[in-house]
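Single-letter residue listing:
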Amino acid sequence: MIPPTNSAPPVAVQFPPKELKKECEDILSRYPTRMAACLPILLLAQKHYDNWVSPEVEAGVAEYLGVSDSHIRGLLTFYAMYNAKPAGRHEVWVCRTLTCMLRGAGKLRDTALGCAKAKTTGEVGEDGKFLVKDMECLGLCEVAPAVFVDGEAHVDVTPEKLTELMEACD
Amino acid sequence: MGDAVNTIFINGTEYPFKPGQTVIQVAQENGIDIQHYCYHPGLSIAGNCRICMIEVEGNPQPQISCKLDCAPPPWIKEPLRVQTESEVAKQGREGTMEMLLVNHPLDCPICDQAGECHLQDYSYEVGQGQASTTTAKTKLPKNVPFGSKIVYDAERCIKCTLCVRFCEEITETNELSMQGRGDEEMVVMTSKGEFDTPYSMNIIDICPVGALTSRDFRFKSRLWFMDFANSIDTSSAKGVNIVTGGRNGTFLRIEPRYNASINDWWMADEGRVAYKYVNSPSRLETALVRDADGQFRVANWEDAISAAAEALRSNPGDILLDGGCTLEEMVLAKDLAGAMGKNAKFAAATGEGDGWLVTEEKGANAKGAELLEVARAKRAQAASVLVIEREEHVNASMREKSGAVVVFATDGEHVPESAEVVFPLPSWAEREGTLVNIDGLAQWMERNPAIGPNNLPVFVEILEDLIGELDDDYAWRGADGVRAEIAALPAFAKVALPWQTETPVGAGS
Amino acid sequence: MASKRDKDGRYPETKILSKNFGVKDSWTLKVAKKNGAYKNLEKALKMAPADIIEEVKTSRVRGRGGAGFPTGVKWGFVPTESDKPKYLVLNADESEPGTFKDRYLMELDPHLVLEGCLICAYACGLSTIYIYVRGEYPKSQERLWGAIEEARKAGILGKSVMGSDFACEAYVHTGAGAYICGEETGMLESLEGKRGHPRIKPPFPAVEGAFGCPTVINNVETLAHVPCIIENGGQWFADMGIQPDPDNPRAMGSSGTKLMGLSGDIKTPGVWEFEFGITLRELIEQYGEGALDGRKVKAVIPGGLSMPVLTADELDVPMGFDALVKVGSGLGTATAIVMDDSRDMVEVCENIAHFFADESCGQCTPCREGCHWMEKIFARIQGGEGTPADLDLLERLFINIEGRTICALADAAVWPLRSIIRKFRHEFLAKMPGHEDAPASTETAGVGAS
Ligand SMILES: Cc1cc2nc3c(=O)[nH]c(=O)nc-3n(C[C@H](O)[C@H](O)[C@H](O)COP(=O)(O)O)c2cc1C
Ligand code: SF4
Ligand code: SF4
Ligand code: FES
Ligand code: FES
Chain L
1 MIPPTNSAPP VAVQFPPKEL KKECEDILSR YPTRMAACLP ILLLAQKHYD
51 NWVSPEVEAG VAEYLGVSDS HIRGLLTFYA MYNAKPAGRH EVWVCRTLTC
101 MLRGAGKLRD TALGCAKAKT TGEVGEDGKF LVKDMECLGL CEVAPAVFVD
151 GEAHVDVTPE KLTELMEACD
Chain S
1001 MGDAVNTIFI NGTEYPFKPG QTVIQVAQEN GIDIQHYCYH PGLSIAGNCR
1051 ICMIEVEGNP QPQISCKLDC APPPWIKEPL RVQTESEVAK QGREGTMEML
1101 LVNHPLDCPI CDQAGECHLQ DYSYEVGQGQ ASTTTAKTKL PKNVPFGSKI
1151 VYDAERCIKC TLCVRFCEEI TETNELSMQG RGDEEMVVMT SKGEFDTPYS
1201 MNIIDICPVG ALTSRDFRFK SRLWFMDFAN SIDTSSAKGV NIVTGGRNGT
1251 FLRIEPRYNA SINDWWMADE GRVAYKYVNS PSRLETALVR DADGQFRVAN
1301 WEDAISAAAE ALRSNPGDIL LDGGCTLEEM VLAKDLAGAM GKNAKFAAAT
1351 GEGDGWLVTE EKGANAKGAE LLEVARAKRA QAASVLVIER EEHVNASMRE
1401 KSGAVVVFAT DGEHVPESAE VVFPLPSWAE REGTLVNIDG LAQWMERNPA
1451 IGPNNLPVFV EILEDLIGEL DDDYAWRGAD GVRAEIAALP AFAKVALPWQ
1501 TETPVGAGS
Chain V
2001 MASKRDKDGR YPETKILSKN FGVKDSWTLK VAKKNGAYKN LEKALKMAPA
2051 DIIEEVKTSR VRGRGGAGFP TGVKWGFVPT ESDKPKYLVL NADESEPGTF
2101 KDRYLMELDP HLVLEGCLIC AYACGLSTIY IYVRGEYPKS QERLWGAIEE
2151 ARKAGILGKS VMGSDFACEA YVHTGAGAYI CGEETGMLES LEGKRGHPRI
2201 KPPFPAVEGA FGCPTVINNV ETLAHVPCII ENGGQWFADM GIQPDPDNPR
2251 AMGSSGTKLM GLSGDIKTPG VWEFEFGITL RELIEQYGEG ALDGRKVKAV
2301 IPGGLSMPVL TADELDVPMG FDALVKVGSG LGTATAIVMD DSRDMVEVCE
2351 NIAHFFADES CGQCTPCREG CHWMEKIFAR IQGGEGTPAD LDLLERLFIN
2401 IEGRTICALA DAAVWPLRSI IRKFRHEFLA KMPGHEDAPA STETAGVGAS
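Protein chains in written order, with this note's numbering: chain L, 1 to 170; chain S, 1001 to 1509; chain V, 2001 to 2450.
Hints listed in this document are in silico derivations from the structure and should not be mistaken for laboratory results. Not one of these hints is a red herring.
Below, computed lysine-lysine pairings styled on DSS-like, alpha-carbon distance capped at 27 angstroms:
| id | chain 1 | residue 1 | chain 2 | residue 2 |
| --- | --- | --- | --- | --- |
| 1 | L | LYS161 | V | LYS2267 |
| 2 | L | LYS133 | V | LYS2376 |
| 3 | V | LYS2034 | V | LYS2046 |
| 4 | V | LYS2030 | V | LYS2019 |
| 5 | V | LYS2159 | L | LYS22 |
| 6 | S | LYS1139 | L | LYS85 |
| 7 | L | LYS107 | V | LYS2431 |
| 8 | V | LYS2376 | L | LYS119 |
| 9 | S | LYS1139 | V | LYS2376 |
| 10 | S | LYS1137 | V | LYS2431 |
| 11 | V | LYS2004 | V | LYS2057 |
| 12 | S | LYS1192 | L | LYS85 |
| 13 | S | LYS1139 | L | LYS119 |
| 14 | S | LYS1137 | L | LYS133 |
| 15 | S | LYS1137 | L | LYS119 |
| 16 | L | LYS85 | L | LYS133 |
| 17 | S | LYS1018 | V | LYS2201 |
| 18 | L | LYS85 | S | LYS1142 |
| 19 | S | LYS1494 | S | LYS1345 |
| 20 | L | LYS129 | V | LYS2139 |
| 21 | V | LYS2030 | V | LYS2015 |
| 22 | V | LYS2057 | V | LYS2046 |
| 23 | S | LYS1137 | L | LYS85 |
| 24 | L | LYS107 | V | LYS2296 |
| 25 | L | LYS47 | S | LYS1192 |
| 26 | V | LYS2376 | S | LYS1137 |
| 27 | V | LYS2153 | L | LYS22 |
| 28 | L | LYS21 | V | LYS2153 |
| 29 | L | LYS21 | V | LYS2139 |
| 30 | V | LYS2201 | S | LYS1067 |
| 31 | L | LYS18 | S | LYS1192 |
| 32 | V | LYS2043 | V | LYS2015 |
| 33 | V | LYS2015 | V | LYS2033 |
| 34 | S | LYS1090 | V | LYS2201 |
Quick caveat, the model's predicted, so the values are computed rather than measured.
Please build the complete structure, drawing on both the sequences and the hints.
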């Protein structure tokens, strides 16, 4: 059956929050249109709001930049670095592309999922601590396999090293 | 540059083109059909569906005709030569069709668009009706509400982005975007849950497959059972061109019809749903005459006409017309009033307009009335004859205050207490005639025989019969005679009348 | 050309772009200036813009982003008369798998990159530089921002570039993870804050690019070449590398030097700078030190992921635009991915197909549906459920995908996959019940990126 209509729209957060105001204005000053600031401002917003962009944040950013919230949704689901769902406390990217695969990325993926207590990539583990994401080539192929933990690159990674890295996260 | 190439060979025949025209446009102008999904003449070119492939001689790869400029590159001094039905062209289309079908649900038998789906048409045409795949199809959401009027099916959607472009380029309201990427791409709507634009339902028409359906029309009828007629939207005075669709007396839907000088391809949602009253259970189907004890009894047409004439002889008065009446009807109403020594007036609502296709004037033929010198009625208008199709034009209080004795009404609920004789009035979709829109363009409205009760009398004929009863010298003119008179009126000297001229409608005004 | 090798037969490195790579704090303005940064910009500012474009044309430098388009010609397309602002968008998206050369330039010599951008901007009359850096390169972003700040403070950037009346601003724009934003028009959409859907051309960016204005788009490495071209003249650059073939107008030669790289099954992966002309085998054996112990090189994609593979027998080809096309592959980004004899080519194909399916922007039917379909077919073969008919189906899909889409991503998906199933057909058949003993195929011809 068709649901009657969409559920109630989210209540937009007040965006930007005080802490981000200056940076947002700085970003806006670089471009001839407000829409052009979408990508950098969404990265900023994601960092600020627990590493994900909730429907409320989405609506707030949309309002601020004068674009439709569906436009923002389109961006969040197009670019791999955005999270449109709650993302856990730590985010681990495991490169899955050819060079890393040749260099053992498959094992790293399993290791990461094990540490995260998650069944599959793209979903937060049971304890809500980690989000493991499959990423395509991270541009670190000469030192493959590569992973990122919370935005920081790690290279020549072994399962042991990855376990260590993830265990060091609180 | 006087020697610029200005012709193109399509399938061996040379055609002229205007600068900037693409191959698909010139082909269409010359009756050559090239399949297309993502191309719409009213929207920007996306070139993403890749079905409109043709062969450009000298190029082994098929090219998309919706983007291909008819003008060759400047260093080539020869016209382009393209083929729409060659092996290369067909192979190109088949290749794309196979891709489209790999993830498309094969649920044509239950799809609303069946019969009107370009994918279904073309997949039969290009003979790839069976995608060679044992590959599991990608699962995407079905039955997603897009506001209160539209339902979206992401599996059927071929991601042509026409609907998104409509909301960006035509209404500039941006409610839709694409989301996801790769084969998880689909259309997403604003979380506000409702369209800002009152034109949202146009996306249903332009969707080339059954991915967007109207909640209103869903599953009501299969297309191939319906009858269609070219009519005019009478919910406001813009004269938007429409197609009415009906079956077995039931009015099923309204869709816009292309007219470059009025509405292009579009219409407002309110005009699209302005047919519900036509299917009212209280529609009048017979003539009624009040007998001695004050009760209505069913009468045949002749008896009703003489009873009406009788009533008018003893109660002569003005005629109050629904503002949607045609020119022909207005002329005859004027004559009927004249036979009583009185006037015809029209009533029409006014309301909100949007500066585009919805006018503040709601009387579809208000401009025609002006040209015929039929005045607008006052709020309390005494009349002996009342013609009422739409409630909003002549509301209950106006009806009662009119004191009309002869009433032409579409709906039985609209008959005032004072009525002595009542005739069923066919709705606009069931009548034919001429309307003049607010900008002075005269247009023909076609009757759809599949809509409305059977065997209703023709309104203009009854009017003429009544005049004949009241005026012994009356010479019957017929609707054609009336039209000839209209054409001869000085007020219409500059109006291009649709039945009189080959000039495109509107060209003369 | 044999003369380039030294007496031991070793092909030498030529460090022009990479001259500062080992230098301590090479990314700071202080160190960069000591090594000559911005003196070529100073020289350029005294030249007429048209003369700079002429010099770049003379150099015959071709785009380093993968397509190899002559840079001087591209600059020449920018309308000189235009009342709109004009932009430079530097393609620093570097998301081609196996490619990491631009990262070295951005992290280790950001001032060289900025200098190249400024010379280009001056020559083409561009007022704003956007450096589109992929989101996965935080360090490159940081170093570029650092360089921009330093340059601005030093009067190298801003209202009056080095005291001249040329005004120019530069900003880093951060991507957010999408391969397709490396495609130049996908990048423009992304810069404008939209989904990275490549645009249908024409119009070309030189006429209608970023924000509807004339725009030059070049790769990082391409523009990093420009300062030395100004320093030493276009002819100096043109004399390096591989000369054009006078008999073949399409063989425009490969002038100058190039950052080349190796990754995958190789002893010492890395990036080096050579004059064009080193063979792929020399690169692998002399610089990559060959396959890992006990293994042999089996297949190599010469530049990134998007080019047809070459087998171990085909490696004696010079690294150059035309030479690689001639053997049915392409230079791409000149960073090769090496696979050794322990590799399962079906798994490789599944991985490659997944990449393109994942990264397809989703606009064009053949790419959106086709890439996923191919991935599913490879998965099926890998799972032991394939039949030889699947290989025919793949060949048909290649035909229906290649050359039939808005951008070249779809072609890029077809090229490696088609070459692998043709050159390693037996490995595919070996996974099909009843065809396990298929002989190794010998077919190598007919696989083209041309
Ligand atoms: C799918 C695809 C991905 C691309 N990715 C990149 C990239 O990451 N970096 C790059 O410089 N060029 C990339 N390109 C090439 C660009 O479209 C463009 O040709 C280049 O930036 C032009 O600069 P150049 O002439 O200096 O090489 C890509 C092209 C395609 C079709
Ligand atoms: S819903 Fe229809 S119009 Fe919209 S993208 Fe899908 S197929 Fe096209
Ligand atoms: S070829 Fe693929 S990536 Fe390129 S525009 Fe089309 S769908 Fe997008
Ligand atoms: S393939 Fe993993 S970093 Fe390039
Ligand atoms: S109609 Fe031409 S590509 Fe879609």
